[in-house]
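Number of protein chains: 2
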Amino acid sequence: MKKPTKKPFPVEQIRRYLEPGPIVLVSSRWKGRNNIMTMGWHTVMEFSPSLVGCIIAAGNHSFEMIRRSGECVINIPTMDMIDQVVGIGSCTGAEADKFERFGLTAAEAQQVKAPLIAECHANLECRLYDRKMVAAYNFFIFEVIAAQAAPTPKYPKTVHYTGDGIFRTTERTLNRRARFAPHML
Amino acid sequence: MKKPTKKPFPVEQIRRYLEPGPIVLVSSRWKGRNNIMTMGWHTVMEFSPSLVGCIIAAGNHSFEMIRRSGECVINIPTMDMIDQVVGIGSCTGAEADKFERFGLTAAEAQQVKAPLIAECHANLECRLYDRKMVAAYNFFIFEVIAAQAAPTPKYPKTVHYTGDGIFRTTERTLNRRARFAPHML
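Chains as they are written, first to last, in full-length UniProt numbering: chain A, 1 to 185; chain B, 1 to 185.
Everything labelled a hint here was simulated from the structure, so no lab data went into it. As the structure is a prediction and not an experimental result, all values here were calculated from the model. No residue lacks a Cβ here, since even glycine has one placed at the ideal position from N, Cα and C. Each hint should be verified, as a subset may be incorrect.
[Stated by the list, open to error] On the chain A side, residues computed to face chain B include the following (Cβ under 10 Å): (1) Y17; (2) I23; (3) L51; (4) D83; (5) V85; (6) A135; (7) A136; (8) I141; (9) I145; (10) T152; (11) Y155; (12) L174; (13) A178.
[Said to hold, decoys possible] What follows is a set of in silico ranges between Cβ atoms, one per label pair, in the way DEER data are often shown: (14) K3(B) - P151(A): 39 to 49 Å; (15) R33(A) - K3(B): 50 to 60 Å; (16) R172(B) - R101(A): 38 to 48 Å; (17) R172(A) - K3(B): 21 to 31 Å; (18) P8(A) - Q111(B): 24 to 34 Å; (19) A94(A) - A96(B): 52 to 62 Å.
This is chain A alone, in the form it adopts within the complex (with noise of 0.2 Å):
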């Protein structure tokens, strides 16, 4: 597969790949081992901090991970990806290396020592930044403190998940920037 190469990004600016509601991959480490899964349960919730709120549902074996080592990684990968996506969604990393398993490539990140995957359009470094609802509804709050992107395409096609395992994929893109009032841009 691919491996896009990237550039820093603004982690003010991850709305961009985030708030159209993709599915994206979460890596993690602990204790050596590094793992990947399959979220669609997430919203961006603040520009500065940049922060990002997400369910982890504690069933999944990167719960614990996530929870003790207090970082992640997000990555957005893209419409090629798409059997790699349910691939990971459908089996544990109890039992496999993710990475290996995939064909995946755990590229280091720079500020988390949760890997990146390098395959992904887009890597969004995330440090837990409030635990508080952990307890009741499996909802993390991350800050994303790094982020890397490619460059081009500006908006990359993503896979956008309904349940039943049925997707949808974006792929046209509206500009409508004349229409809106200036502050709201």
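Let chain A serve as the given structure and place chain B on it in line with the hints.
For chain B alone, coordinates are given in the frame of chain A:
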């Protein structure tokens, strides 16, 4: 504009409409006045009870209306409504009745006093479930207590915001059921 005929939709299946991450329209009612806001920062949090978390910035006219009434409706607009979506996000309900201004129909909900937007593909009636994160993050957790949706198309073309006046649209549907572990569907 067309007003699709809708049927009751199971609240535990609303991920079909929300998990792909579309821009949504949030309608509310307080002291006899209706309002609508455009919202992009939301996530499914639980199947049952059917929970949705979302950011409603305190600067929005809708913030106090929803906080005080403890209710809202999350409406799913389709691609043909993009200009209403942008217009609603660019003005304030303090000055205008947005239903009137944008030619939208306030229809009666089943379980809440907040109005439905009849022109939208689906309407999720929400009651405020947990307000503990409102003060710190403007983060509201709602329970979807009733829902209606147009039966066709099963997967509507929705709009997804990236910031900066640029939207993506979901058009293609990819079926990967056969690749899922059965317990993951």
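Now for the hints, and whether the structure bears them out:
no.	hint	result
1	Y17	holds, 8 Å
2	I23	holds, 9 Å
3	L51	holds, 8 Å
4	D83	holds, 7 Å
5	V85	holds, 9 Å
6	A135	violated, 12 Å
7	A136	holds, 8 Å
8	I141	holds, 8 Å
9	I145	violated, 18 Å
10	T152	violated, 15 Å
11	Y155	holds, 6 Å
12	L174	holds, 5 Å
13	A178	holds, 8 Å
14	K3(B) - P151(A): 39 to 49 Å	holds, 43 Å
15	R33(A) - K3(B): 50 to 60 Å	holds, 54 Å
16	R172(B) - R101(A): 38 to 48 Å	violated, 27 Å
17	R172(A) - K3(B): 21 to 31 Å	holds, 25 Å
18	P8(A) - Q111(B): 24 to 34 Å	violated, 48 Å
19	A94(A) - A96(B): 52 to 62 Å	holds, 55 Å
In summary, the structure is inconsistent with hints 6, 9, 10, 16 and 18 from the numbered list given earlier, while agreeing with the others.
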